[in-house]
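Residues per chain are reported as follows:
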Amino acid sequence: MSGFSDNIMRLSGRMLSQYPAQRDWDGKLTMAPHPGIIPTFSIVTLSDNVPEQEIMKWNGWGYSDSKFLYNKKGQAEFTGKRYRLSGMIIPGLREWMESTFSANLQHKTPAAPILNSSAVQPPTLNEAFLKELKSTGIPFSHDAEDRVFRSHGHCLHEIFALREGKIGRVPDLVVWPNCHNDVVKIVELACKHNVCLIPYGGGTSVSSALECPPEETRSIVSLDTSQMNRILWIDEKNLTAHVEAGIVGQDLERLLNESGYCTGHEPDSMEFSSLGGWVATRASGMKKNIYGNIEDLVVHIKMVTPRGVIEKSCQGPRMSTGPDVHHFIMGSEGTLGVVTEVTMKIRPMPEYQKYGSVVFPNFEMGVACLREVARQRCAPASIRLMDNEQFKFGHALKPQVSSIFTSFLDGLKKFYITKFKGFDPNRLCVATLLFEGDREKVLQHEKQVYDIAAKFGGLAAGEDNGQRGYMLTFVIAYLRDLGMDYYVIGESFETSMPWDRVLDICRNVKARIVRECKDKGVQFPPLSTCRVTQTYDAGACVYFYFAFNYRGLSDPVHVYEQVEHAAREEILANGGSLSHHHGVGKLRKEWMRESISSVGMGMLKSVKDYVDPNNIFGNRNLL
Amino acid sequence: MILLHLLYTLRSLNDDEEFTDILEERRRNTDLGYALRTFNPQPYKGAPSCSTSDLNKAVLESQYLRYIAKEIALETGSSVEKVRQEARGILEEMSHNLQLGFIRLMAYTFNKVFKRLFRSIYVNMEGLNMLQQAIQESPVILMPNHRSYVDFLIVSFVLFTYDIPIPVIAAGIPLASMKVVGEILRRSGAFFIRRAIGSDKLYWAVLSEYVRTIVRTGCAPLEFYVEGFRSRTLKSVVPKLGMMDMVLEPYFKGEVFDITLVPISISYDRVVEESLLALELLGVPKPKESTTGLFKASRVLQEDYGCMHVNFGRPLSVRQLCEGKINRSEYNLIPRDLPQRPSTEIQDCVNWLAHLIVRTQEEGALISPWSLMACLLLQAPITTLTEEGLQWHGLTEKTLWLRKLVLDFRGRLNWPDSDVMSSTVALHHSIVHHKAGRVYLVQDGNPASQDPLSPEEKVMRTAAAVLMLVSYRNQALHVFVRPGILATAIHITKSTQKDELFSFFCFLRDVFSSEFIFIPGRASQDFDEACSLLQKCGAVYISQQEVTVLETGLEVLSFLQKLLQPFLESYQLIFRYLCENGAHVFTEKQFLPAVRNLATKLILSGDLHTFEVLSSDTQKNVLSALRRLEAVTKLRASQQNEYKVNKAAVRRTGDILCKIICDIPVKIKLLFCVRLENFDLFLPCCL
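Just so you know, the sequences run in chain order A and B. Here the first sequence is numbered in this note's numbering, starting from 1 and rising by one per residue. Here the second sequence is numbered in this note's numbering, starting from 1 and rising by one per residue.
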């Protein structure tokens with residue numbers, strides 16, 4: 001759901017390079033690569049280099065050292081050193097939170113600080129499986145913390161329960177295969193002993209995909225791909241890289257950058273999400289306009305299934321060999337097998353990058369502009385349109401400015417837009433832009449886009465605003481944790497639709513959220529906001545944020561779920577899709593049949609029945 | 001359930017609310033000052049203000065109209081440009097040109113006129129407040145009933161007075177052709193629709209896009225008469241669905257989040273055009289709407305028309321009403337700019353909503369003492385009314401008795417505090433006069449003519465007076481219809497079995513569904529309502545299986561049964577005519593006078609006791625009922641509205657109506673449950 005923008009990281013001087021991975025030049029791993037998902041005692045070979053402290057939060061988003069809090073003066077502050085915003089005071093956030101949610105610093109709802117291991121059910125172990133697993137030498141663990149950590153994604157209800165110290169069904173065992181062959185062995189053993197396998201990548205799912213089905217009686221094994229994180233080779237002639245599927249987005253980019261390349265695939269969650277997860281959910285990246293979505297980037301996939309390994313025989317860029325079997329794999333959400341290795345397209349790193357932003361008098365004009373940009377097929381690497389509420393939200397995240405001059409300049413800009421140009425501050429909205437390429441072309445491209453924007457009343461509003469817009473995407477999940485400290489819960493969801501329905505869906509879904517909250521007894525008006533986040537030839541992807549103050553409600557999560565359910569119904573009734581890139585998981589399963597027809601369901605079902613007749617990959621997503 | 005709840009809340013809302021006389025303040029202040037007051041309404045917050053020319057441009061340039069124009073050009077072989085030119089012409093003829101200046105002029109004039117015509121115009125403030133709120137939230141559709149020309153701009157007048165955005169109003173095209181006045185109406189927000197559009201594809205396209213654009217943009221509230229036209233009988237008319245379809249489509253297609261429907265009930269103590277209406281129903285053609293006609297009509301200004309009530313109903317959310325009834329995703333696979341025939345599910349929903357609105361209008365209407373008197377007067381033999389006179393004392397006592405019944409039936413009364421009876425009769429001096437303790441029906445004399453009237457002319461003269469009474473009775477009818485039908489069922493079947501009565505109730509409900517407003521699919525709720533009302537007033541006792549008539553209830557039951565008797569007699573007569581006299585194929589032009597002649601004959605011979613069958617409205621209603629029951633079919637190919645009658649089917653319906661074959665109750669039950677088209681299956685075994 002949430003995320004991070006690599007660009008910000010780059011501009012922020014590579015804060016993340018501090019974390020304790022050490023690699024050979026080609027990215028070969030020499031120690032535990034991924035913070036937080038650190039195997040404990042059982043990994044003898046690696047444990048020497050592993051820091052003891054947890055780097056990741058167990059009941060919230062992201063790194064333990066990075067979070068929003070209100071300091072002693074009551075000012076909002078972002079801790080840590082990893083991000084550009086880290087260590088900064090954000091003066092506007094408190095007022096925004098108080099006025100948007102009627103939240104109050106006096107009313108706190110702190111999370112349970114540490115995991116109470118006694119709340120975790122003892123593991124149901126399949127002894128025969130365990131015995132044979134031991135003989136393979138593949139590391140595993142049934143430590144409570146390891147199991148709980150892999151029992152959830154980042155849906156609101158999952159995090160809310162963790163904060164309250166409530167633990168449901170969790171995997172009984174975690175295994176860390178180190179390579180494709182390890183996975184083959186694990187899957188064989190699982191089939192032999194009828195053990196349920198749930199693949200685990202970065203753990204950033206927002207579709208309840210990682211939740212253990214409560215009705216599962218077999219031993220559940222979480223197959224953590226984090227150790228399969230090497231770039232196996234780079235082919236500079238064909239511009240492809242062969243990568244193990246457990247690699248996490250930011251590592252992949254950084255390692256490729258070291259060789260002067262990138263994939264350009266930057267989903268908002270790329271700090272934590274893995275290549276295998278992208279393939280399994282049909283992920284979409286922020287810069288897909290240049291680099292494409294995951295289905296455009298993938299050249300070859302290797303997946304281990306209960307029936308054996310599926311892969312194509314060559315690396316041809318396109319084939320006419322019947323329906324593309326990759327499309328059974330992409331979006332299979334862990335129901336068919338484990339993706340182990342992927343050949344991906346790579347590109348030389350762009351020479352030049354530039355942010356930008358445009359202010360429109362209202363959302364309608366903004367959408368019309370994006371549509372025109374798509375019509376002329378001149379979308380920059382990224383173009384997003386935030387509605388008025390989100391614009392204000394972004395504005396509230398402005399860090400304290402250091403000089404009087406800057407604040408004077410800000411005042412001047414505001415005056416120019418609202419008074420001189422007559423924009424209504426309660427209607428205007430902003431598009432954020434990211435251009436990439438060689439310098440000259442970027443500047444040319446920039447001009448073209450700004451010229452189109454001008455036809456729709458758009459005013460260029462500077463690089464800074466653009467950059468802050470992208471920052472919002474990666475801090476939003478940290479902000480949710482702050483909200484949850486003060487009775488505010490919320491989440492985001494997305495959809496895609498034809499161009500002519502964009503405005504209608506945005507309006508209707510936002511209005512539906514407001515009305516449902518009122519009907520369900522929410523005491524305060526909710527935050528209901530959206531942005532158009534991707535453009536296509538035939539339509540767009542829209543992202544909604546929805547949050548509310550739940551003081552006075554006895555079962556806030558249930559209310560939240562009812563409202564989100566209603567919002568999804570509204571999306572579907574208005575011609576939006578069930579999901580653009582989050583996937584279906586278990587959260588949206590109920591609408592699958594109406595989304596793809598009964599015959600479509602039958603087709604997927606028969607593939608599942610053939611590939612995995614005993615439901616070894618039993619996470620019960622999708623179907 | 002939701003619906004019942006809705007009707008309930010509406011009722012309870014209206015019960016405690018206060019009506020304010022808006023003329024009172026007008027009488028104290030100057031008309032000019034009022035007309036020039038600052039007008040600064042809170043508009044729909046989702047809408048940028050849009051001018052008339054913006055609206056027209058949006059319509060002409062819509063994808064929908066482009067598509068239709070291309071299609072028509074292809075079909076007719078003319079050029080697209082030509083078709084579009086034609087569309088522009090249609091739009092010019094149609095479109096409103098709302099201007100505040102003319103609203104002020106209208107307000108000024110109306111002020112003058114209304115102050116002379118009416119003692120008071122009562123408006124419920126709470127309804128107005130809710131409307132004001134609703135207008136800011138979503139596009140609002142104002143849906144008044146239409147009983148008189150006077151109410152054409154009344155809603156605009158009230159809204160102007162209370163700083164609420166002025167609506168655009170759907171009007172019939174004849175109004176547009178009135179010199180000057182047509183233009184004034186246009187500038188006061190009226191847009192004009194042709195009467196017989198038929199299959200004119202381009203016209204439909206322009207009209208529907210025009211209406212949808214108004215709703216979609218929410219640039220002004222839209223006002224239209226869901227009954228389609230002014231009710232000549234003051235009785236609610238079965239709603240027309242064309243406009244309703246157009247208005248609701250933006251919601252079905254997701255182009256707006258919600259649409260708010262506001263039923264408005266306008267009731268009169270006395271209707272300005274009462275005698276014209278009666279004559280029109282008897283076949284005397286209605287004078288063409290013309291400006292000179294309007295001035296001639298100015299003699300009506302000399303008369304007193306009592307009070308007028310404008311009752312703004314609770315705003316209804318289309319979204320809420322349609323929840324669970326429809327699946328909007330049927331519009332997902334075709335571009336919404338292209339014409340798409342809605343599914344039966346959606347059509348049924350529109351029909352249901354339209355009926356619901358008319359029912360709600362009925363619920364909101366105020367019943368005057370005069371309506372109750374009319375009910376009673378019509379139950380007296382005609383000679384009593386015309387010759388001997390009806391005892392005044394008896395009439396007033398019975399009216400008071402009826403008042404109690406109306407309250408029991410949760411009707412909404414407009415009952416002035418003092419001197420009710422005699423002031424009521426005085427107000428309606430054109431229909432009755434009260435002399436020496438007796439009440440007589442006033443029959444328009446013909447003093448200019450020396451010739452004595454022929455018997456037929458005498459019948460017509462009486463009929464005109466009776467039909468005026470009938471209209472006022474009709475204003476109260478909706479309160480009595482459901483219990484009345486149950487009373488009739490009890491009377492005809494002589495049964496006490498609940499299920500048998502329910503079957504007959506359903507049959508009558510089907511037969512009379514062009515006559516009275518029944519919300520589709522609510523037969524059992526209607527029956528339950530009838531039962532509970534009759535039980536409440538002590539007329540019957542209801543057990544699990546039986547409905548027992550109580551001694552104390554005979555008066556109520558007999559009143560109710562007699563109230564509906566004219567309808568039964570009229571329907572039977574027309575059925576008889578269709579079976580015996582008529583040909584198999586006839587036109588409406590032949591049918592109406594033929595029935596009238598037959599009825600006149602029978603009245604003269606003393607075989608028929610109701611004058612209502614002379615009303616063209618009743619005659620047409622019978623036809624449409626028979627069409628719905630598929631005993632009569634309209635010939636599609638025919639140019640002159642030809643009908644084909646299935647005599648056997650009509651006879652059977654008539655037979656059941658007078659209970660010739662109903663000594664076999666079980667089978668009757670069978671029959672009524674399955675509607676009339678299945679008669680043929682049933683009758684052989686029964687006869």
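Careful: at least some of the hints might be erroneous.
As the list claims (entries may be wrong) - Below are the DSS-like pairs computed for lysine-lysine, each with C-alpha atoms no more than 27 Å apart in a straight line:
1. 325(B) to 414(A)
2. 192(A) to 108(A)
3. 520(A) to 325(B)
4. 325(B) to 421(A)
To be verified - Calculated from the model, a selection of chain A residues having no Cβ within reach of chain B, i.e. all distances over 10 Å:
5. 70
6. 311
7. 326
8. 613
Think of the hints as simulated: they come from the structure by calculation, not from any bench. All C-beta atoms in this analysis are idealised placements derived from N, C-alpha and C, irrespective of residue type, glycine included.
So, going through the hints one by one against the coordinates:
| no. | hint | in the structure |
| --- | --- | --- |
| 1 | 325(B) to 414(A) | violated, 48 Å |
| 2 | 192(A) to 108(A) | violated, 50 Å |
| 3 | 520(A) to 325(B) | holds, 21 Å |
| 4 | 325(B) to 421(A) | violated, 47 Å |
| 5 | 70 | holds, 34 Å |
| 6 | 311 | holds, 36 Å |
| 7 | 326 | holds, 27 Å |
| 8 | 613 | holds, 34 Å |
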